[in-house]
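*Asks:* For what it's worth, the working numbering labels the leading residue of the sequence shown as 1, then goes sequentially.
I should point out that these hints are in silico values taken from the structure, not numbers from a laboratory.
There could be a bad hint or two in this list.
As the list claims (entries may be wrong) - Here are the simulated EDC-like pairs of lysine to aspartate or glutamate, each with C-alpha atoms no more than 16 Å apart in a straight line: (1) K256 - E94; (2) K106 - E52; (3) K262 - D233.
To be verified - Taking CB as the label site, the calculated pair distances span: (4) E103 - T40: 41 to 47 Å; (5) P42 - D233: 50 to 56 Å; (6) R64 - H152: 21 to 27 Å; (7) K80 - Y269: 22 to 28 Å; (8) M224 - R21: 54 to 60 Å; (9) Y269 - S27: 45 to 51 Å; (10) E52 - Y269: 38 to 44 Å.
Only a predicted model underlies this, so the values are computations on that prediction, with no experimental measurement involved.
Beta carbons are placed, not taken as given, at the ideal position from N, Cα and C, and that holds for glycine.
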Amino acid sequence: MDRSLFRERQYQLPPAEQFRRDVKFTSPTHQQRESPFFTTLPAEIRRMIYIELFGSQLVHVYFRQYGETYDREGAPSDAKIPGWVHCVCRRGREAVPHCHDEENHKWCYLSASILRTCQLAYIEGIPTLYQTNILSFRCPRDIISFQVQVRHFSTLLRSIDLYISSWDLEGQRRWIVRDPTDYLGILIQVLNCLKNVRFYFECEIWSNAHDISKLQPPRRDSPMHQHFFLPGDITEDVDEEIQRNLKNRHSNRIIKVTANAKELLSGCYGEPSDVEDEDYLPSSSDTDDSDTEKGDSEDSEDSEVEGPSWIMLQD
1 MDRSLFRERQ YQLPPAEQFR RDVKFTSPTH QQRESPFFTT LPAEIRRMIY
51 IELFGSQLVH VYFRQYGETY DREGAPSDAK IPGWVHCVCR RGREAVPHCH
101 DEENHKWCYL SASILRTCQL AYIEGIPTLY QTNILSFRCP RDIISFQVQV
151 RHFSTLLRSI DLYISSWDLE GQRRWIVRDP TDYLGILIQV LNCLKNVRFY
201 FECEIWSNAH DISKLQPPRR DSPMHQHFFL PGDITEDVDE EIQRNLKNRH
251 SNRIIKVTAN AKELLSGCYG EPSDVEDEDY LPSSSDTDDS DTEKGDSEDS
301 EDSEVEGPSW IMLQD
């Protein structure tokens, strides 16, 4: 037995701590000894502030293609074509996996401008951004491209939603697959630290869950929690068989199947209530950070580690 490998695994740091150790900047990081935010507030309180600003949300993330135009107030600038865009979903984290639809989703953004102020805020805040949010994707291509963009942060990701449509996005035909294990395999290959994965299958071929084995990927590195939403019916016997097989094969895995999810999906479209609007109204800092105090931003601008534009405010 390779004892050095055992020791390496035994003392492996949590992803957030490993990220903070590995991150590199082209200029030294100031300790912000004159900043009340860092010197007065304990780390736990600072993390609560980060979560309030840009954490614990359901966030639609996708790569905007040429030809995709938006007309609603607050929409991303056309200068970002092609490029990453994001929108905080006002339906909340429990909503069924679904696509962003401008007609039914007002544009709301994460208030992440603090990540630009200094290197210390960047180092502290990035783990909160990636570990606490659920990132919702509309196709496998976006997941793979996103992972390439955030390769420095990919070990921090915990929760992913994927809406699997029966129709293909323009230019995405080659990414349409019918087997759920194919999608799960893609996620496992590019994001091997995931703890929660949720799928919505719009495909008619999966209107009924007959092939139980395909809902239970045999790989031991598959995500801990897997939730499949199916548009069709599923019998109690099928559900019991899933759980029985799961218990026999992977005691540390949780697989849940929700049938007749079309009704749940329909609730994700249509305008939210006024109360939901008030909860998610973007502040002025969400749309214009030109007057944001920069602190020692010269340091952060020289960072060798750059995330995609979705982690920052819309310009």
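*Asks:* Each hint: holds or not?
*Replies:* Structure-based check of each hint:
1. K256 - E94: Holds - the C-alpha atoms of E94 and K256 are around 14 Å apart, at most 16 Å.
2. K106 - E52: Roughly 20 Å separates the two Cα atoms, so the pair is violated.
3. K262 - D233: holds, 10 Å
4. E103 - T40: 41 to 47 Å: holds, 45 Å
5. P42 - D233: 50 to 56 Å: Holds, since P42 and D233 (Cβ atoms, about 51 Å apart) stay within the stated range.
6. R64 - H152: 21 to 27 Å: holds, 22 Å
7. K80 - Y269: 22 to 28 Å: For Y269 against K80, whose Cβ atoms are near 24 Å apart, the range 22 to 28 Å holds.
8. M224 - R21: 54 to 60 Å: About 25 Å separates the Cβ atoms of M224 and R21, which means 54 to 60 Å is violated.
9. Y269 - S27: 45 to 51 Å: holds, 47 Å
10. E52 - Y269: 38 to 44 Å: violated, 28 Å
Hints 2, 8 and 10 from the list above are not met by this structure, while the remaining hints are.
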